[in-house]
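For reference, the chains in residue letters:
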Amino acid sequence: MDLTFSAAHEDFRAEARAWLEAHVPPGPLPSLDTAAGFEAHRRWERTMFNDRWSVVSWPAAYGGRDVGIFEWLVFEEEYYRARAPVRVSQNGIFLLAPTMLEYGTDAQKARFLPPMASGDEIWCQGWSEPDAGSDLAGIRSRAARNAAGDGWVLNGQKTWASRGAFAEWCFGIFRTDPEAERHRGLTYFLVAMDSPGVTVRPIPQIDGETGFAEIFFDNVEVPDDQVLGEVGAGWSVAMATAGSERGLSLRSPARYTEAADRLLALFEGRGGPPASADAVAQAHMQAEAYRLHTYWTATKVSRGDAVGPEASCNKIFWSETDVAIHTAALDLLGADAELLDAGAPGQWLDGYLFSLAGPIYAGTNEIQRNVVAERLLGLPRG
Amino acid sequence: MDFAFSEEQDELRQGVRTVLDSECAPDALRTFELADRTGRAELARNRWAVLAELGAPALVVPDAADGLGLSDVDLVGVLEEAGRACLPEPLLETAALAAPTLAALLPDPTAAAALRAMVEDDAAFGVGGIDVTAAGIASPTEVTADGTLRTPRVVGARDAAILLLACRDPESGWQLHAVPAASCAARETPALSSSRDLATVQWPLDADTLLAYGVAAEAAVALLADRAAAGTAALLIGLADRMVAMASAYAKERHQFGKPIGSFQAVKHHLADARVALEFARPATYRAAWSLATAQPTLSHDASMAKAMASDAADLAARVALQVHGALGYTWECDLHFFLKRTWALSRAWGDAATHRRLVLAQAGRALPAGPR
Numbered sequence: 001m002d003l004t005f006s007a008a009h010e011d012f013r014a015e016a017r018a019w020l021e022a023h024v025p026p027g028p029l030p031s032l033d034t035a036a037g038f039e040a041h042r043r044w045e046r047t048m049f050n051d052r053w054s055v056v057s058w059p060a061a062y063g064g065r066d067v068g069i070f071e072w073l074v075f076e077e078e079y080y081r082a083r084a085p086v087r088v089s090q091n092g093i094f095l096l097a098p099t100m101l102e103y104g105t106d107a108q109k110a111r112f113l114p115p116m117a118s119g120d121e122i123w124c125q126g127w128s129e130p131d132a133g134s135d136l137a138g139i140r141s142r143a144a145r146n147a148a149g150d151g152w153v154l155n156g157q158k159t160w161a162s163r164g165a166f167a168e169w170c171f172g173i174f175r176t177d178p179e180a181e182r183h184r185g186l187t188y189f190l191v192a193m194d195s196p197g198v199t200v201r202p203i204p205q206i207d208g209e210t211g212f213a214e215i216f217f218d219n220v221e222v223p224d225d226q227v228l229g230e231v232g233a234g235w236s237v238a239m240a241t242a243g244s245e246r247g248l249s250l251r252s253p254a255r256y257t258e259a260a261d262r263l264l265a266l267f268e269g270r271g272g273p274p275a276s277a278d279a280v281a282q283a284h285m286q287a288e289a290y291r292l293h294t295y296w297t298a299t300k301v302s303r304g305d306a307v308g309p310e311a312s313c314n315k316i317f318w319s320e321t322d323v324a325i326h327t328a329a330l331d332l333l334g335a336d337a338e339l340l341d342a343g344a345p346g347q348w349l350d351g352y353l354f355s356l357a358g359p360i361y362a363g364t365n366e367i368q369r370n371v372v373a374e375r376l377l378g379l380p381r382g
Numbered sequence: 383m384d385f386a387f388s389e390e391q392d393e394l395r396q397g398v399r400t401v402l403d404s405e406c407a408p409d410a411l412r413t414f415e416l417a418d419r420t421g422r423a424e425l426a427r428n429r430w431a432v433l434a435e436l437g438a439p440a441l442v443v444p445d446a447a448d449g450l451g452l453s454d455v456d457l458v459g460v461l462e463e464a465g466r467a468c469l470p471e472p473l474l475e476t477a478a479l480a481a482p483t484l485a486a487l488l489p490d491p492t493a494a495a496a497l498r499a500m501v502e503d504d505a506a507f508g509v510g511g512i513d514v515t516a517a518g519i520a521s522p523t524e525v526t527a528d529g530t531l532r533t534p535r536v537v538g539a540r541d542a543a544i545l546l547l548a549c550r551d552p553e554s555g556w557q558l559h560a561v562p563a564a565s566c567a568a569r570e571t572p573a574l575s576s577s578r579d580l581a582t583v584q585w586p587l588d589a590d591t592l593l594a595y596g597v598a599a600e601a602a603v604a605l606l607a608d609r610a611a612a613g614t615a616a617l618l619i620g621l622a623d624r625m626v627a628m629a630s631a632y633a634k635e636r637h638q639f640g641k642p643i644g645s646f647q648a649v650k651h652h653l654a655d656a657r658v659a660l661e662f663a664r665p666a667t668y669r670a671a672w673s674l675a676t677a678q679p680t681l682s683h684d685a686s687m688a689k690a691m692a693s694d695a696a697d698l699a700a701r702v703a704l705q706v707h708g709a710l711g712y713t714w715e716c717d718l719h720f721f722l723k724r725t726w727a728l729s730r731a732w733g734d735a736a737t738h739r740r741l742v743l744a745q746a747g748r749a750l751p752a753g754p755r
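The listed protein sequences correspond, in order, to chains A and B.
All the letters of the first sequence, read from the start, carry residue numbers 1 to 382 under my numbering.
All the letters of the second sequence, read from the start, carry residue numbers 383 to 755 under my numbering.
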């Protein structure tokens, strides 16, 4: 057991830190959920990609640096330390890419991964439907063979697609065999958002901005080479993506340790009120525990071992940790907490609203608890 | 970065588990609790001899002092197993507290003699006279009318040959002593967890038993308190693991409304919450062991964080396990109560979760890793 980073890892950290210090835009970019903000964030992805910092753990052929999981974690620590912009490409690079690297054809990887890494093509996720949220296998959007027999015709509706208002591409699950058992008749599609028949209706979120969207599919033609994995195997391909979402790649611990550090500074800046001490300490410990747990899991991954069903605990823990950090901050701000100005209170408020989405997106925490109970504790399905 | 145990460490832990599965099964705990004083002493002696044969008590005693020369990282899995088995004997006090504390004081002759007794005579140790508070360490040891000292809640006095006892004088500061049990008067203090061995000990202040005084004693006692927090966290992790496993097994067996109760979400979610708390307390506990083994500057923060998280995880596991077992869990006949009571004792021993959160916060700025800062 050794909990220090090697000299090589520290060299990598120094290189990442120096690059970020020289390139991270000063001050926050305009909101990701506006057209102008979206483009500003896209330009930042291009800046990173140009110097091979956008997807460090990917193969060099697709724009990465071929580095291991610990380098990725170090990069993430530096990224949050530098207060760099939110990743507009996150659904693509953190969720779709690991799935594509596992299930995609060489042609698909070569076609889709580089523009995903550069921000030229931003992806959104077309999973949830109005009547299929937690019960994802209940999706009804369907795909049928086209008349020519060389592709598919998609019909139906997806909803709550983050970044759906501005994205170029969508990865989604559609029912290809209505007769099959509900988990079996599904297929994973890659769909261009400018395809004829795609209609996007942005949905204003709780903060009034259009963070996500409804997507309507009306006889949308999709060629065969835009199926990811086998036809009919969409559920298992989707579960690989869900594993990334809930496991290691979507939410690196640096996000929480950085927020917990800011909380600590806020606490000290407010004179360390004793009534808040317990909550601040708890938030700090949870962020730190998530970091340690990630190192534990990453050690397994770096040895080629399977992550294991323990990963199903992650999403519950990081989402609750985010809520704990932001609740403690708002409690410290007291009556100032409701102020929307651009300074510290507004940032904590934004973060608080977003943290409350955490226990809902990527599979609600209630679903995650079922998974923990059934896969880790062996309890029977209801 | 290599956050994992070695094969040897896993084997050591597995060996201890195998032994405790037979020597310290719930039936053995029941027999132990129903036995009289003489009977208990004999059962304890026999079990200790088995542990000594494995080398468990002297695991971290240095090679030069004829110990196994292993580290806190080797020990933490052994402690977890001791917690999992609800072991009544003072393994934490002997192996995790007395052994490294005495070893650090070598070549002091009193320390050397005490370590020799541990290695050669399989002496067990009790520990007392140190309380952990949010303001730091304090000593509950008092001076009595006849000039002897009285220390409440000494752990392990029944089985111990030697007691590691601390006292603090407002003017001259801390003293740490290794006192032969034979020269003490120990009065057993009945406690909730009746297999837990607590006593009020009256002991003579004697220059011959002195290990350290003043600044050196204070440093030794502070480090001992950190070791106790980290080691107790490991015991609690083991207890939590056991209780979650027991409750999950029961939830599969017990049927109501024609189904196993474990198929109901209300039950599943209770157990999942306990399992998640355990999952994240565990690496915090292992990190504390590594910080002790490698004398990290953050070891005090790390030990407090482990104790706070493990106390909360084990308390939650206890609460959930009792609820899932229902009325059966409330009976003495069901094995669960052994683990519940030990948890309720240990979650507060050596500083409860709230105390350790305050200690964590006091050190949080310094504890963050050098890199990301």
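Because the hints were derived from the structure by calculation, they are not lab data.
Quick caveat, the model's predicted, so the values are computed rather than measured.
Be a bit skeptical, because a hint or two may be false.
If you want the footprint, here are the derived chain B segments under chain A, 3+ residues with CB under 8 Å [claimed, not checked]:
| hint | region |
| --- | --- |
| 1 | 403 to 411 |
| 2 | 715 to 725 |
With a Cα cut of at most 16 Å, we get these calculated EDC-like pairs of lysine to aspartate or glutamate [what the hints assert, rightly or not]:
| hint | chain 1 | residue 1 | chain 2 | residue 2 |
| --- | --- | --- | --- | --- |
| 3 | B | Lys723 | B | Asp623 |
| 4 | A | Lys109 | A | Glu121 |
| 5 | A | Lys300 | A | Glu310 |
| 6 | A | Lys300 | A | Asp2 |
| 7 | B | Lys634 | A | Glu374 |
| 8 | A | Lys300 | B | Glu415 |
| 9 | B | Lys723 | B | Glu415 |
| 10 | A | Lys109 | A | Asp2 |
| 11 | A | Lys300 | B | Glu389 |
| 12 | A | Lys300 | B | Asp392 |
| 13 | A | Lys300 | A | Glu121 |
| 14 | A | Lys109 | A | Asp225 |
Using N, Cα and C, we set each Cβ at its ideal position, and we do this for glycine too.
Straight-line Cα separation of A:Lys300 and A:Glu310 no greater than 16 Å?
-> Holds: A:Lys300 and A:Glu310 sit about 12 Å apart, inside 16 Å.
Please work out if A:Lys300 and B:Glu389 have their alpha carbons no farther apart than 16 Å.
-> With a Cα-Cα distance of about 14 Å, the restraint between A:Lys300 and B:Glu389 holds, given a limit of 16 Å.
Hint consistency between B:Lys723 and B:Glu415 [alpha-carbon to alpha-carbon, up to 16 Å] | 13 Å, holds
Restraint status (C-alpha distance of B:Lys723 to B:Asp623 at most 16 Å) | Between B:Lys723 and B:Asp623 the Cα gap is close to 15 Å, so the pair holds against 16 Å.
Within a Cα-Cα threshold of 16 Å, do A:Lys109 and A:Glu121 meet the stated pairing?
-> 13 Å, holds
Keeping to a limit of 16 Å between CA atoms, is the pair of A:Lys300 and A:Asp2 held or broken?
-> Given pair A:Lys300, A:Asp2 holds - Cα atoms ~14 Å apart, limit 16 Å.
Against chain A, does the region 715 to 725 of chain B show at least 3 residues with beta-carbon separation below 8 Å?
-> The restraint on the region 715 to 725 of chain B is violated, since only 0 of its residues have a Cβ under 8 Å from chain A and three are required.
Straight-line alpha-carbon gap B:Lys634 to A:Glu374, limit 16 Å | Between B:Lys634 and A:Glu374 the Cα gap is close to 11 Å, so the pair holds against 16 Å.
Quick one, are A:Lys300 and B:Glu415 close enough, alpha carbons at most 16 Å?
-> 42 Å, violated
Is it true that the CA of A:Lys109 sits at most 16 Å from the CA of A:Asp225?
-> 11 Å, holds
Quickly compare the C-alpha distance for A:Lys109 and A:Asp2 to 16 Å and report which way the hint goes.
-> Measuring from Cα to Cα gives roughly 36 Å; hence the hint is violated.
Quick one, are A:Lys300 and B:Asp392 close enough, alpha carbons at most 16 Å?
-> Holds, because 15 Å separates the two Cα atoms, which is no more than 16 Å.
In summary, the numbered hints that this structure violates are 1, 2, 8, 10, 13.
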